[in-house]
Amino acid sequence: MNAIGLILAGGNSFAMRELTDKRATAAMPVAGGYRSIDFVLSNMTNSGVKTVAVLTQYNARSLNEHLSSSKWWNFGRKQGGLFVFNPTITKENTMWYRGTADCMYQNLDFLLRRHEPYVIVANGNCLYKMDYGKVIDYHISKGADITVVCKELPGNTDFSRFGVIKTNETKRIIEFEEKPMMAHSRTVSIGVYVIRRRLLIELLQRSIVEGRYDFVNDIIIRYKNLKKIYAYEMEGYWSNISTVEAYYQANMDFLKEDVRSYFFNESPYIFSKSDDMPPAKYNPGAVVRNSLVASGCIINGTVENSVLFKKVFVGTNCVIKNSIVLNDVYLGDNSHFENCIVESRGTMIENAYHIGSDEIKVVIEKNDRYIL
Amino acid sequence: MMKKEMIAMLLAGGQGSRLGVLTANMAKPAVAFGGKYRIIDFPLSNCINSGIDTVGVLTQYQPLKLNSHIGIGIPWDLDRNVGGVSVLPPYEKNGNSEWYTGTANAIYQNINYIETFNPDYVLILSGDHIYKMDYEIMLDYHKENSAGITIAAMPVPMSEASRFGIVVADETGKITEFEEKPANPKSNLASMGIYIFDWKILRESLLALKDVEECDFGKHIIPYCFEKNIRIFAYEFNGYWKDVGTLSSYWDANMELIDLVPEFNLYEEFWKIYTNNNNVIQPQYIGQEAKIERSIIGDGSNIYGSVINCVIGSGVTVKAGSIVRDSILMSNTVIGENSRIEKAIIADDTKIGNDVIVGFGDEKANKLNDKIYNCGLVTIAEKTVIPNGVKIGKNTAISGVTQPEDYPAGILDSGEVIIKEVK
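Residue numbers (full-length UniProt numbering), protein chains in the order written: chain G, 1 to 372; chain Y, 1 to 423.
Treat the hints with care, as some may be off.
What the hints assert, rightly or not - Anything over 10 Å on all C-beta distances counts as not near chain G; from chain Y, calculated: (1) LYS36; (2) ILE137; (3) LEU209; (4) ASN369.
Unchecked claim - Under the rule of at most 27 Å between Cα atoms (straight-line distance), these lysine-lysine pairs were calculated in the DSSO-like manner: (5) Y:LYS65 <-> G:LYS71; (6) Y:LYS420 <-> Y:LYS371; (7) G:LYS256 <-> Y:LYS319.
No lab work stands behind these hints, which were simulated from the structure alone. For glycine and all other residues, C-beta sits at the position ideal for the given N, C-alpha and C.
Build the full structure now, drawing on both the sequences and the hints.
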């Protein structure tokens, strides 16, 4: 592989509400058995990328814990490996990462010391499968300076969450608006870029001198008329975890047969750290319909149209509908959850009653857990 | 010089012939158990949980599945710079080559492996049992007693003691007598086939008895050491321990796991059982019309039909309209639509068609071997294919890719067997 990977996983999203109080969005648990960064890491390894750096900043503890061993994604080799770069204080710099360009700049040594000609820049909070090799081939065939991977979204999307792109007939990007109030196009950047390593270093050095720290605004948009920036249109499933609603929807997507079999049963596969939980157990009284259940769960109640992550205990006479219950949650007997996301490691007392009516309700409760 | 205080030697070469077609193409330790595990996962996980990071696995009978399961030991954290897991098959030697002819002979042939680690103690295990044991506590007991050999033993009901190798110990735990399947047992402590040896003593005994045919721990090494007045102690174990040597005991032990509070607890946080799941990590999907009662189900399974009193492995599909009851489905089996499966053990990668009935009619004694196939169980070997619409009776066994012609009038009568060569 002639490229290295840079995964930007340092960001926070206020629209994730309480869910990012204790973790970065890249560490959000997804689809019962994964974390969102698994998708980009698996894409990297499945594309043959051998060297990947993850740049973290915001609430990185659980992300670092997840990445504590790189072997689950087939990194951990003599040639290459998985690197996690948290911000550090150095002789020249005492700042946090001031933006996406700055975080790459502060790890410039890593970029300088590699020999691969290309860099794939990606984020850690999108769910998709992609062969980055094809993007690099496209990049070379177009003679591009930068290639931006993009996707056409349905018309009813809230485009103010995205970077919206307009291209000419050769697919060169002629307009790029970050989070516009009024979008002129339905094509959005998915936050994956291919760029020559030397050029990236040069653009970063120049931007930092000018006090510009954001990769999209200060490099992509600023240089779009000067540099040849092309759009590569991706196909297949893509979703972006940036709001509670989007997160909820992304998990619910896995209840659809086509999404499930695309990610779970079709090669290349998505890898994650194995937790070695025992099989899920269904006791008398369990009624489960149209739901995903991860290992280690013990179910005594009703679960419908829901996603149960690992090691969830569902008490007798519980009702869980249209909800997501994250890892290691104890739901006491007779409790009721509808349109909820139950935060991980919570303990719900008996008869708890939670319904999200206008919006998805995020339930965080830390009661004492009584274990028999 | 390299130094490990204790290393484990895990005997995993046996066929387990009483498991019938389940072990036709794999050794018993590789047989699936409890949804996502294989039998060998239990001793391997016990080793790493007890702090033993060097394990030699002795293989002989049909080792392919074991080899690929163990790999370099990653799932058990046994991929080590020094030590780790090593698979030890019999090998050709200058002048004298032989298979492993007995349990002790297998260890004798691997003295060089053991010597590499220069251990003080060697733990001998078998890959046939379901249990959790902290071997470190057993080692502490061994040291406290200044024993040369410590044998793990568990109390069994006096009425059943005549089925086991019985040890008779004094009040300090020192063994005073051995009885092999005694008619009138003097004690109810049954040997579990788990030994800790001082390596010097074991080494000396192996060399002294190297010419004994089919040299065995229970029959030769232990009696030899006993006669030489080596201090042999019984370590009493009171936890869960199951020999799953027969199809009915295998079926029973699996079914115990679906009890409301099972005697054998897989959900314990600090004594996890690890396994190689072939990277199946996705959650299971339970369909809109599915019905699940009293069952455990492994990762990545898709259930659209009904599953009642079952132990289901990873990546299993049960299609709509099918009812699976009182059965064990190992990984990646597929049950077609509108089939009915009752009291069956179905091994990995089996495909069962639509409208099939398994466990049909009245019980009849099995014609091939009614000591193996009994209790009304239907046993289906790995990679078997069963065509649409057939009916299969009780006490039957099926192996291989079967065609509709193999079932006269669409029926395999109770007690019949179909075994086809796997190509």
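Results of checking the hints against the structure:
1. LYS36: Non-interface label on Y:LYS36 violated, nearest chain G Cβ at 5 Å vs cutoff 10 Å.
2. ILE137: holds (23 Å)
3. LEU209: holds (40 Å)
4. ASN369: holds (31 Å)
5. Y:LYS65 <-> G:LYS71: holds (23 Å)
6. Y:LYS420 <-> Y:LYS371: holds (21 Å)
7. G:LYS256 <-> Y:LYS319: The given pair, whose Cα atoms are some 16 Å apart, holds under the 27 Å limit.
In this structure, only the earlier hint numbered 1 is contradicted, and the remaining ones agree with it.
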